[in-house]
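Chains A and B supply the protein sequences, listed in that same order.
Each step along the first sequence adds one to the number in our numbering, with nothing skipped, and position 80 is 80.
Each step along the second sequence adds one to the number in our numbering, with nothing skipped, and position 468 is 707.
Note that these hints are calculated values from the structure, not bench results.
Nothing here was measured: the structure is a model prediction, and the numbers come from that model.
In this text, a Cβ means the ideal position worked out from N, Cα and C, and glycines have one as well.
Misleading hints may appear alongside valid ones.
Distance windows between CB atoms, simulated [what the hints assert, rightly or not]:
| id | chain 1 | residue 1 | chain 2 | residue 2 | range |
| --- | --- | --- | --- | --- | --- |
| 1 | A | H141 | B | Y441 | 35 to 43 angstroms |
| 2 | A | G114 | B | W538 | 24 to 32 angstroms |
| 3 | B | A739 | A | L220 | 36 to 44 angstroms |
| 4 | A | D72 | B | P518 | 33 to 41 angstroms |
| 5 | A | A182 | B | T509 | 48 to 56 angstroms |
| 6 | B | I703 | A | D23 | 46 to 54 angstroms |
| 7 | B | A515 | A | E156 | 21 to 29 angstroms |
Anything over 10 angstroms on all C-beta distances counts as not near chain A; from chain B, calculated [unchecked claim]:
| id | residue |
| --- | --- |
| 8 | L314 |
| 9 | V361 |
| 10 | R429 |
| 11 | A515 |
| 12 | P522 |
| 13 | A528 |
| 14 | V535 |
| 15 | L596 |
| 16 | P683 |
| 17 | A695 |
| 18 | N736 |
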Amino acid sequence: MHVPGPLPVVDVRSLYVRFGEVDAVRGIDFAVEPGAATALLGRNGAGKSTTMRVLAGVIPPSDGLVSVCGHDIRTETLTVKRLTGYCPDVGGLVPRSTPWEHLQLAARLRRLDGWEERARELLERFELGAVAHRVTAGFSHGMGRRLSVVLAAFHEPPVLLLDEPFDGVDPVGVEATMDVIADARARGAAVLVSTHLRELAVQACQDAIVLRGGSAVAVLPAADMHGEAGAGVYRGLLD
Amino acid sequence: MPTIPARLRASAADAWIAVVDLRALLRFRVAGLRGRSRRLSAYGTGVIGLMTVLVAWLPAHLPQEMARRDDVFTLLPSALVGILVIGVVSAAASGGGRELVPRDQAVAYPVSPTTDHLGALVMAPLNIAWLLQAWVLLGATAFVTGPGPGLVLSQLMLLVWLATATALSQVVGWGLEWLRRGRRGVWSTRLVTVLAGLVAAYLVADDRLVPALEASPTTEVTIASLGAAHGLSWFYVRVLAVLLVIMLSAVVAGAWLASAVSRRPARDETRLESSAYQPRANPGSDLLAMVRVDRVAIWRSVPLRRGLAVLAVMPGLVAIAGDLQWNMLTILPGLVASGGALLFGVNAWSLDGRGALWRDSLPVEPRLVFLSRCWVLVEVLLVATLGTLVMAALRAGLPSASELAAVCAGGVVVVAQVVSASMRWSVRRPFSVDLRSARATPAPPLVMVGYSARLALSTTFVGIFFSVLARVPWEWSVLCALPLLLFSAWRLVRTANAWADADTRCRVVATVAS
Numbered sequence: 001m002h003v004p005g006p007l008p009v010v011d012v013r014s015l016y017v018r019f020g021e022v023d024a025v026r027g028i029d030f031a032v033e034p035g036a037a038t039a040l041l042g043r044n045g046a047g048k049s050t051t052m053r054v055l056a057g058v059i060p061p062s063d064g065l066v067s068v069c070g071h072d073i074r075t076e077t078l079t080v081k082r083l084t085g086y087c088p089d090v091g092g093l094v095p096r097s098t099p100w101e102h103l104q105l106a107a108r109l110r111r112l113d114g115w116e117e118r119a120r121e122l123l124e125r126f127e128l129g130a131v132a133h134r135v136t137a138g139f140s141h142g143m144g145r146r147l148s149v150v151l152a153a154f155h156e157p158p159v160l161l162l163d164e165p166f167d168g169v170d171p172v173g174v175e176a177t178m179d180v181i182a183d184a185r186a187r188g189a190a191v192l193v194s195t196h197l198r199e200l201a202v203q204a205c206q207d208a209i210v211l212r213g214g215s216a217v218a219v220l221p222a223a224d225m226h227g228e229a230g231a232g233v234y235r236g237l238l239d
Numbered sequence: 240m241p242t243i244p245a246r247l248r249a250s251a252a253d254a255w256i257a258v259v260d261l262r263a264l265l266r267f268r269v270a271g272l273r274g275r276s277r278r279l280s281a282y283g284t285g286v287i288g289l290m291t292v293l294v295a296w297l298p299a300h301l302p303q304e305m306a307r308r309d310d311v312f313t314l315l316p317s318a319l320v321g322i323l324v325i326g327v328v329s330a331a332a333s334g335g336g337r338e339l340v341p342r343d344q345a346v347a348y349p350v351s352p353t354t355d356h357l358g359a360l361v362m363a364p365l366n367i368a369w370l371l372q373a374w375v376l377l378g379a380t381a382f383v384t385g386p387g388p389g390l391v392l393s394q395l396m397l398l399v400w401l402a403t404a405t406a407l408s409q410v411v412g413w414g415l416e417w418l419r420r421g422r423r424g425v426w427s428t429r430l431v432t433v434l435a436g437l438v439a440a441y442l443v444a445d446d447r448l449v450p451a452l453e454a455s456p457t458t459e460v461t462i463a464s465l466g467a468a469h470g471l472s473w474f475y476v477r478v479l480a481v482l483l484v485i486m487l488s489a490v491v492a493g494a495w496l497a498s499a500v501s502r503r504p505a506r507d508e509t510r511l512e513s514s515a516y517q518p519r520a521n522p523g524s525d526l527l528a529m530v531r532v533d534r535v536a537i538w539r540s541v542p543l544r545r546g547l548a549v550l551a552v553m554p555g556l557v558a559i560a561g562d563l564q565w566n567m568l569t570i571l572p573g574l575v576a577s578g579g580a581l582l583f584g585v586n587a588w589s590l591d592g593r594g595a596l597w598r599d600s601l602p603v604e605p606r607l608v609f610l611s612r613c614w615v616l617v618e619v620l621l622v623a624t625l626g627t628l629v630m631a632a633l634r635a636g637l638p639s640a641s642e643l644a645a646v647c648a649g650g651v652v653v654v655a656q657v658v659s660a661s662m663r664w665s666v667r668r669p670f671s672v673d674l675r676s677a678r679a680t681p682a683p684p685l686v687m688v689g690y691s692a693r694l695a696l697s698t699t700f701v702g703i704f705f706s707v708l709a710r711v712p713w714e715w716s717v718l719c720a721l722p723l724l725l726f727s728a729w730r731l732v733r734t735a736n737a738w739a740d741a742d743t744r745c746r747v748v749a750t751v752a753s
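Can you make the complete structure from the sequences, with help from the hints?
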C-alpha cells in the first residue's frame with residue numbers, strides 16, 4: 001500500500017522567469033517537504049538566485065505555479081512573505097542601519113513579540129553581538145552574510161531561503177549557519193540552500209537540484225555528490 | 240637624487256599617462272551606455288552644445304540699447320566671480336568634484352589621482368548651476384559685444400575664463416577635502432566655512448561687497464574680452480596669456496592636491512561607518528518602523544548631510560547678501576527642494592543599496608513602503624527649506640500676511656512638486672549607485688543635468704507665480720496652491736500604483752541592489 005508523504009511546503013511547477021528576451025528560469029519543477037533541506041546547485045547564471053527570489057516574493061514568476069504552504073505566490077504574495085525568511089545572494093543589508101535596527105524593522109513587520117532574546121542569542125551565536133549597534137556599511141563581506149542569515153532565520157519561518165549563505169564566511173559562521181539549518185529542519189521548516197560550495201551543500205541538505213541554463217538537469221540525493229566521486233558526478237552535470 | 244629636469248620629465252610623463260587614462264575612462268563610460276540611455280545621452284550632449292552656440296551668438300543680434308548694454312557690462316565682472324563661487328561650492332560640497340567613474344567601479348583599475356582630478360574637471364560643467372551661469376555669461380558677452388568678428392575673440396576669452404575658474408574651484412575643492420581628511424579636519428573645515436561666511440557678512444553689512452566685486456581682477460577680464468570687439472590688442476593678449484598660465488598652474492596644483500587627498504583616509508565617512516548608535520524603543524507602527532530606517536539612511540550619510548547643510552545655508556546667505564525681500568523669497572524653496580532632490584531623491588530607492596532585496600522580501604504593503612519614502616523626502620526638503628527661509632527672514636524683516644502666505648504656500652507646492660517628480664523618476668529610471676562617497680551622484684551626469692534642468696524650470700516658474708501672489712490678498716495664495724497640490728498628489732498616487740505592480744518593483748529593486 002502506498003503511504004502518501006507529507007504535503008510539500010514549497011511546491012514549484014513549470015516555473016518560468018523571463019527578463020525581456022532572456023529566459024532566466026525555464027520550466028523548473030520541484031517540491032520541498034517539511035523538515036527537508038534541498039540544495040540548489042549550478043554554475044553562475046544557472047537560475048538559482050532567480051528561483052530563490054521568486055520564492056521570496058521579490059520576483060514575480062512569468063509562468064508556472066509556485067506555492068508556499070499552499071499559498072499561491074502570485075496572488076498571495078504578502079502571505080508568502082510572512083512565511084519565508086530570505087537571505088539574498090547580494091548584500092541584503094541596508095547600509096546605514098544597524099543590525100538591531102534591521103531586526104526591529106523585521107520584527108515589527110512580521111508582528112513578533114518578545115523577539116529580543118532570540119535576536120540577541122542569534123547575534124551572539126553568529127559573533128555579531130559586539131557590532132549589533134554599528135551601521136552595516138562598515139561590515140566585512142562575511143559579517144554581512146552572517147547577519148543576512150540571522151535576519152532570514154530569527155522569526156523561525158516555515159520556509160528558510162538561504163542564497164549563498166556560506167560565501168566568504170569563516171568556519172564559525174559556517175558552523176552557526178549549519179546549526180540554523182538543522183534547527184529549522186528540526187522544527188519542521190523547509191530549507192532551500194543555493195550555493196557553489198558542493199561539500200557544504202552535501203553536509204547541510206539531503207536533496208540536491210542541479211540547474212543548468214535555467215533548467216533542472218538533475219534531482220538527486222545530496223549524498224551522491226559527496227567526496228571525489230560526487231565531484232565527478234557534479235562536474236558531469238555542469239557541462 | 241633626481242635633478243629638476245629629470246623630475247619635470249617624470250611629471251610630464253605622468254601627466255601624459257593621466258590624459259591617456261582619462262580618454263580610456265571616458266570611452267569606458269560611454270561604452271556603458273546602451274539603447275535608450277545612449278540615444279538620450281547623445282541628444283542631451285547635442286542640446287547642451289546647441290544651446291551653448293546659440294546663447295553665445297544670438298544675443299549679439301538683439302537691439303543694442305546703450306543703457307541696457309551698460310547695465311549688463313557693469314554686472315559682468317560680478318557674474319564672472321559668480322561662476323567661480325558656483326564652482327567652489329560644487330567642488331567643496333562634493334568632496335573634490337564628481338567622479339568620472341564611480342568609486343566601486345573604478346576600484347579594479349589603477350586610476351591615478353591625476354586622472355581622477357582631470358575627470359573631475361571634465362565633469363564640472365555637467366552641473367545645471369554651472370551651465371546656467373556659463374550660458375548667462377556667454378549671452379551677456381554676446382549682447383554687449385554685438386555682432387562682428389570681435390565676438391569670437393570675446394567669447395574665446397570668456398571660455399578661457401570659464402576653464403580657469405573651474406580649475407581654480409577644483410583646487411579649492413581638493414584643498415578643503417585635504418583639510419577635512421586631516422586631524423580635526425571636520426572642525427577645521429567648519430571653521431573655514433564660518434570664517435568665509437563672516438567675511439561675506441561683513442562685506443554685506445558694511446556695504447563693501449559691490450566695491451570688492453568691482454575691484455576683482457574679473458573687471459580686467461571683462462574689459463579685455465569686450466574690448467576685442469574693436470580688434471586684437473596687446474592688453475587682450477596679455478590677459479589671455481595670464482589666464483592660461485593661471486589655468487595651467489591650477490590644473491597642476493589640483494593634481495598635486497588630489498594626490499595629497501588620496502593619501503588621507505576619509506575620516507568622517509569611516510567614523511560614521513564604525514560608530515555605534517544607541518537602540519531606540521521598538522517602533523509603534525509599520526509606517527514609523529520604515530520611516531526610521533529611511534530617515535537614518537539620509538542623516539547617517541556624510542555626503543547627504545553635508546549636501547543638505549549646504550543647501551539650507553547657501554541660498555539663505557545669498558538672500559541675506561542680496562537683501563532679498565519677502566516677495567522674492569518665493570524663489571528660494573524651489574532652489575532648496577530641487578537641490579535636495581538632486582542629492583538622492585531622484586533615485587530614492589538607492590538609499591536601500593543592496594538591502595533593497597531584503598527589504599522587498601518583508602511582508603508589508605508596497606504602497607506603505609512608498610509612503611514612507613515620500614514622507615522622509617518631504618520631511619528632509621521641508622527642513623532644509625525652512626532653514627533657508629529663517630536665514631533669509633533675518634534681513635527681510637517681518638512679512639505681511641500676503642507675503643507670508645505666498646512664501647509658505649509656494650514652499651509647500653514646490654516640495655510636493657519636487658517629491659512627485661523625484662518619486663516618478665525613481666520608479667521609472669532607477670540606478671545602482673553607492674551614495675557613501677560625497678563624490679557620487681544618484682544618477683549618471685547627463686541624466687542629472689536633465690533632471691536638474693526640469694526641476695529648475697518648473698520650480699522657478701512656481702516661485703515666480705507665488706512671487707506675484709505675494710502682492711494680492713493672502714487667500715489667493717492658498718486658493719492657487721490647492722489645485723497645484725492636488726495635481727502633485729494625483730501624480731504621486733499614479734507612481735505609487737506603478738510601484739505596487741510586482742514587475743515594476745522587481746525591476747527597480749533588482750537594479751538598485753545590483
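Hint-by-hint comparison with the structure:
1. H141/A <-> Y441/B: 35 to 43 angstroms: 52 angstroms, violated
2. G114/A <-> W538/B: 24 to 32 angstroms: 30 angstroms, holds
3. A739/B <-> L220/A: 36 to 44 angstroms: Holds, at about 41 angstroms.
4. D72/A <-> P518/B: 33 to 41 angstroms: The hint (33 to 41 angstroms, Cβ to Cβ) holds, given that D72/A and P518/B are roughly 38 angstroms apart.
5. A182/A <-> T509/B: 48 to 56 angstroms: At roughly 38 angstroms between Cβ atoms, T509/B and A182/A fall outside 48 to 56 angstroms, so the hint is violated.
6. I703/B <-> D23/A: 46 to 54 angstroms: 53 angstroms, holds
7. A515/B <-> E156/A: 21 to 29 angstroms: 28 angstroms, holds
8. L314: Correct as stated: the minimum Cβ-Cβ distance to chain A is 44 angstroms, above 10 angstroms.
9. V361: 29 angstroms, holds
10. R429: 22 angstroms, holds
11. A515: A515/B not clear of chain A: closest Cβ-Cβ about 4 angstroms, inside 10 angstroms.
12. P522: The claim is violated: P522/B sits with its nearest Cβ about 5 angstroms from chain A, within 10 angstroms.
13. A528: 4 angstroms, violated
14. V535: 6 angstroms, violated
15. L596: Violated, because the least Cβ-Cβ distance between L596/B and chain A comes to about 4 angstroms, which does not exceed 10 angstroms.
16. P683: 21 angstroms, holds
17. A695: 29 angstroms, holds
18. N736: Correct as stated: the minimum Cβ-Cβ distance to chain A is 16 angstroms, above 10 angstroms.
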